[in-house]
Amino acid sequence: MRKKSYTLLTTLFLLSITVFPVLAQHKLRVGTKKMAITNIYFKKGEKMIIVVTGSWTFKKPMAKVDYHGHSALGAINQYGNLGALLGQIGEGDPFIVQSGGSLIAKNDGRLKLFANITDTYMSARSAGVIHVTIRGGKKMSSAALEKLAGWDYNKLNTANGVPGMRAVEKEMVLLLNKARINPPKFAREYLMDKKMRNPVARELYTKLLETKPMEPLKADEVLLMPAKRMAVAFGTKGLDKIKGTPKFATTLGFGKSTSLDIVLDLLLDQDIPERTRRKQILNPEYKSFGVGFHPHTKYRYIWVMMYK
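First residue of the sequence shown: 4, per my numbering; consecutive thereafter.
Where hints are given, some of them may not hold.
[Stated by the list, open to error] Derived DEER-like restraints, expressed as beta-carbon distance ranges: (1) GLU288 to ALA75: 47 to 53 Å; (2) PRO249 to LYS210: 34 to 40 Å; (3) LYS311 to LYS47: 28 to 34 Å; (4) ILE275 to LYS311: 33 to 39 Å.
[As the list claims (entries may be wrong)] Each computed BS3-like pair below joins lysine-lysine, with the alpha-carbon atoms no more than 30 Å apart: (5) LYS244 to LYS46; (6) LYS142 to LYS244; (7) LYS62 to LYS173; (8) LYS109 to LYS142; (9) LYS290 to LYS198.
Honestly, the hints are just simulated from the structure, not real lab data.
C-beta atoms are modelled at their ideal positions from N, C-alpha and C, and glycine is treated no differently.
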């Protein structure tokens, strides 16, 4: 009798995991300042469950805000209240996250999460992180995700094998080439959160949608070495202005520690009305590129970019 009971329980358990498969579980933290880009891939039609705990702080007025957002201010757009947690899969439209509820992926792609904020003022006056548990999807390597997203990794990664380059510098070259090879795709993948909160980002988003594809920049040792020397010299001495006329088209970036942050900062180019740095990145006449990254005594980090 006992043997039959064990057999029945085993059968029911196997049946339950067949009919109701166990979803993979992933945990991460999401801040208010920028999009959290996960390594979790969802297929169209796949189920996901997102559970949220913790709170952000918004100072208008000072208040703790959960994933629903700042209800005292009312809805700010079609995505609900200020600070509501939003998600995006691949290049798809944003969606509102309801903690504990199940969602069905409307398209294939990598999951991204971000706060619903409509201006840079409120972004600056926000802080904190919320904790997110995601059930469903599959955690994958960056290279595998790039391939599934339709990016030609071999074509993008022109810095592969170039001696003397840091990983963060190689990643910057890859991201620049994404913006050049397929500008509309880059915009839909990386600018969704920024275009909701920044008019300059909306301008950039529109610009990229209208920009024709161009050849990738090739990482070049001829440019790499002087870019690195300049980064070290400027960073060590705390310099921030180029004197004279450089041999190559040269631009500087400050304060950003990651390749994605600096690439987005250069493309936005908010402090330069002529958008000089953006134009350099999207100039089809440039074929070669060098970059130097180094700590800076005044601005934390400096990036030196050279084109020819």
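> Which earlier hints can't be squared with this structure?
Replying inline: 2, 3, 4, 5, 6, 7
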